[in-house]
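**Q** When you get a sec, could you build the whole thing from the sequences and use the hints?
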Amino acid sequence: MRRTLFESITHGAVTEAPPAPDKAALDELARSVERAARVKLGRSLSIREVDAGSCNGCELEIHALNNAFYDLERFGLRFVASPRHADVLLVTGPVTKNMHEALLRTYKATPDPKWVVAVGACAVDGGIFAGSYAVEGGVKDVIPVDLHIRGCPPSPTELLKGLLALLERANA
Amino acid sequence: MPLLDAITHLDKIKQHRPWARVLVADEGWRQAIDLLAQGRATLFALWGDAPSVHMALLGELYDDVVVLTYNCKGGQYRSVGAKHPPALRPERAIRDLCGLDAAGTADARPWLDLGFWDVRHPLGKQTVARKAVPYKFLPVEGEGLHQIPVGPVHAGIIEPGHFRFTANGEHVVRLEQRLGWVHKGTEHLMEGATLEQAAKLAGRTSGDSTVAYAFAFAQAVESAMQVKPPARATYLRALMAELERLANHFGDIGAICNDASFTLMHAQCGILRERTLRAAEACFGQRLMMDVIVPGGVARDITAESIAQVNTLLIEVRQVFPRLIELYDNTASLQDRTVTTGIVKPDLVRQFGAGGYVGRASGRAFDARQVFAYAPYDKLSFDVPTLDAGDVNARVWIRIREVEQSLSLIEQIMGSLPKGAIITALGKSKACEGLGIAEAFRGDVFVWLRLDGKARVARCHLRDASWFQWPLLEAAIEGNIVADFPLCNKSFNCSYSGHDL
Numbered sequence: 001m002r003r004t005l006f007e008s009i010t011h012g013a014v015t016e017a018p019p020a021p022d023k024a025a026l027d028e029l030a031r032s033v034e035r036a037a038r039v040k041l042g043r044s045l046s047i048r049e050v051d052a053g054s055c056n057g058c059e060l061e062i063h064a065l066n067n068a069f070y071d072l073e074r075f076g077l078r079f080v081a082s083p084r085h086a087d088v089l090l091v092t093g094p095v096t097k098n099m100h101e102a103l104l105r106t107y108k109a110t111p112d113p114k115w116v117v118a119v120g121a122c123a124v125d126g127g128i129f130a131g132s133y134a135v136e137g138g139v140k141d142v143i144p145v146d147l148h149i150r151g152c153p154p155s156p157t158e159l160l161k162g163l164l165a166l167l168e169r170a171n172a
Numbered sequence: 173m174p175l176l177d178a179i180t181h182l183d184k185i186k187q188h189r190p191w192a193r194v195l196v197a198d199e200g201w202r203q204a205i206d207l208l209a210q211g212r213a214t215l216f217a218l219w220g221d222a223p224s225v226h227m228a229l230l231g232e233l234y235d236d237v238v239v240l241t242y243n244c245k246g247g248q249y250r251s252v253g254a255k256h257p258p259a260l261r262p263e264r265a266i267r268d269l270c271g272l273d274a275a276g277t278a279d280a281r282p283w284l285d286l287g288f289w290d291v292r293h294p295l296g297k298q299t300v301a302r303k304a305v306p307y308k309f310l311p312v313e314g315e316g317l318h319q320i321p322v323g324p325v326h327a328g329i330i331e332p333g334h335f336r337f338t339a340n341g342e343h344v345v346r347l348e349q350r351l352g353w354v355h356k357g358t359e360h361l362m363e364g365a366t367l368e369q370a371a372k373l374a375g376r377t378s379g380d381s382t383v384a385y386a387f388a389f390a391q392a393v394e395s396a397m398q399v400k401p402p403a404r405a406t407y408l409r410a411l412m413a414e415l416e417r418l419a420n421h422f423g424d425i426g427a428i429c430n431d432a433s434f435t436l437m438h439a440q441c442g443i444l445r446e447r448t449l450r451a452a453e454a455c456f457g458q459r460l461m462m463d464v465i466v467p468g469g470v471a472r473d474i475t476a477e478s479i480a481q482v483n484t485l486l487i488e489v490r491q492v493f494p495r496l497i498e499l500y501d502n503t504a505s506l507q508d509r510t511v512t513t514g515i516v517k518p519d520l521v522r523q524f525g526a527g528g529y530v531g532r533a534s535g536r537a538f539d540a541r542q543v544f545a546y547a548p549y550d551k552l553s554f555d556v557p558t559l560d561a562g563d564v565n566a567r568v569w570i571r572i573r574e575v576e577q578s579l580s581l582i583e584q585i586m587g588s589l590p591k592g593a594i595i596t597a598l599g600k601s602k603a604c605e606g607l608g609i610a611e612a613f614r615g616d617v618f619v620w621l622r623l624d625g626k627a628r629v630a631r632c633h634l635r636d637a638s639w640f641q642w643p644l645l646e647a648a649i650e651g652n653i654v655a656d657f658p659l660c661n662k663s664f665n666c667s668y669s670g671h672d673l
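Going down the list, the sequences are from chains A and B.
1 is the number of the first residue of the first sequence in the working numbering; add one for each residue after it.
173 is the number of the first residue of the second sequence in the working numbering; add one for each residue after it.
For the record, the hints were derived by calculation from the structure and aren't laboratory data.
Glycine is no exception: its CB is placed at the ideal position from the N, C-alpha and C atoms.
Please note: incorrect hints may appear among the correct ones.
[Said to hold, decoys possible] Derived pair list, reagent style DSSO-like, types lysine-lysine, alpha-carbon separation capped at 30 Å:
1. A/Lys140 <-> B/Lys372
2. B/Lys308 <-> A/Lys108
3. B/Lys303 <-> A/Lys140
4. B/Lys600 <-> B/Lys372
5. B/Lys372 <-> A/Lys161
[As the list claims (entries may be wrong)] Restraint-style ranges between C-beta atoms, simulated for each label pair:
6. B/Thr596 <-> A/Pro144: 44 to 50 Å
7. B/Asp198 <-> A/Pro144: 53 to 59 Å
8. A/Ala109 <-> B/Gly599: 52 to 58 Å
9. A/Ala109 <-> B/Pro518: 39 to 45 Å
10. A/Ile9 <-> B/Thr596: 49 to 55 Å
**A** If you want it as structure tokens, here you go:
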């Protein structure tokens, strides 16, 4: 372990800088997210993720925000375990009838001020699951939504862009 | 011995491919139940197709597959679960979805219908929903026992499900799962869908296995319609399947260590996972490779530049991964958490026919790629690693060994990628039925479908490996401390969406 740790420090061999096109986009995002977050929330925004019926594809990409390439926490954005600690609910999936009540309760448990970001094509209007007996529809059909991040699933970069858009809107 | 030698059967359905489907009466159905109870066959799938039920069996030596169909009488069939517990949850799902009852079952509680739908029996004779009644968890009595309810909304970025723990101090006496929260009615949406729509739905059964589902779905359609995808397409499918396996195994190995608070491993594996997804995007235009596999072949070809990206990935993984394995193996505090934690006994794995790393870590040497040798795996050489310990550590090691196998497979695929077309036109077909099985990273994915004469889906059943793994998690956690549950759960990494459908 010492060797791996030592090499991480001395060589930075594993945690490479992101490749060129991504790096440019990320740097740009990094600067603006940081500026906006500072103004509004003093560099701190807590996100609670709620899967209201997704296929798990969106969760995989949301997870990726925490990896060394995107390193979400450097922007002051972090995922929290309880809605009581959250400023933002990041909701995925078509909202299934079975998850309707659970989503509503999670929303009510989140203190004001709060924002809801609906993530993925299904979260917009149910996506390819729209019209099913088991599906309520999009997230907006159950709780008020401030922003939609589209994509099936949206890439981590698109997710970052979305969170930036939210911050700018919250500041307007 | 062919399974049908031991089962009295009636007509054989002609248009069902590639394995046989036969009608059975009471006697044949009972004989099949006896085979399962005696361990002479494995329950591969059990699903409703109102007014019938289908049971797919896998032979004892994995040398035969057969689908048995029983036409229910008065909406009833003899319970398989009464003698063979792995069938209990599928039977409860069949009742919720199709309204067909398993006569003589020991557990008639609902499973997927949590009381929030507007209809009952959406895949059978639909009736108006009844009022939700409180779910009866299994009774637990004893001095000093307390219960910990968890979910459906969990603390991490994960799917929803409910876990009811009964604990005695720190030790879990019983875990009871309650699933179904992300039920989307996928099989209902499949009915009447075009092949294009249906392939998309199949690819969203479980997002982490989108390639495996699309693969199995395409196989089922191709078997039914007797279409052979071009050789190049099958190699590209396998390339995607192995990239998906790599990405998921990297993610899991890191996440398991993270649940033991060893974040260094999580960070390192996260980098490998991200690099894998970027190589996938370079090759196939999307990080998770959704909708690239289509019935008849694949939707897009790869370029010379993207092949170079895959080669770079292989070089990096071969450099970094051995060091991470060494790190895992030499960190005593981590081993202390994973070794002897969450043991699943080999007998239980065999009884449930658990696939993937859950089965292989407990000595069940089943891998659909090897057993069925579907194209292109018939042309590739690889090992199916197995272990006997059945603990969290063994499930980590199976993943590690499988990463090594996948690297070798990708090298073989790149080295022998055939030239030529990437898709075969499906053409027209009369009503027909097909079965497709593909090995996802977590185990075998089973897709059965019936097409009408207009290339639309009449009925499609998708069975995730999780159906036969989830119940074993209940067994694995027994006697372990509550704090080790996340570790056990992650080492299984069962799919909620794939199970709930």
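**Q** Does the Cβ-Cβ separation between B/Thr596 and A/Pro144 fall within 44 to 50 Å?
**A** 49 Å, holds
**Q** The hint says 39 to 45 Å between A/Ala109 and B/Pro518; measuring C-beta to C-beta, is that right?
**A** Cβ of A/Ala109 to Cβ of B/Pro518: about 43 Å, so the range 39 to 45 Å holds.
**Q** Under the criterion that the straight-line Cα-Cα distance not exceed 30 Å, is the pair B/Lys303, A/Lys140 satisfied?
**A** 26 Å, holds
**Q** Take the C-alpha atoms of B/Lys308 and A/Lys108, compute the straight-line distance between them, and say whether it is at most 30 Å.
**A** 27 Å, holds
**Q** Run the distance test for B/Lys600 versus B/Lys372: straight-line Cα separation, threshold 30 Å.
**A** 20 Å, holds
**Q** Is 49 to 55 Å right for how far apart the beta carbons of A/Ile9 and B/Thr596 are?
**A** 54 Å, holds
**Q** Run the distance test for A/Lys140 versus B/Lys372: straight-line Cα separation, threshold 30 Å.
**A** 24 Å, holds
**Q** I want to verify a distance hint. Is the separation of the beta carbons of A/Ala109 and B/Gly599 within 52 to 58 Å?
**A** 55 Å, holds
**Q** Just to be careful, I want the Cα atoms of B/Lys372 and A/Lys161 compared with a cutoff of 30 Å; is the pair within it?
**A** 26 Å, holds
**Q** Check the following: the C-beta atoms of B/Asp198 and A/Pro144 are separated by a distance inside 53 to 59 Å.
**A** Given range 53 to 59 Å: holds, Cβ gap about 56 Å.
Consistency note: the structure conflicts with none of the earlier hints.
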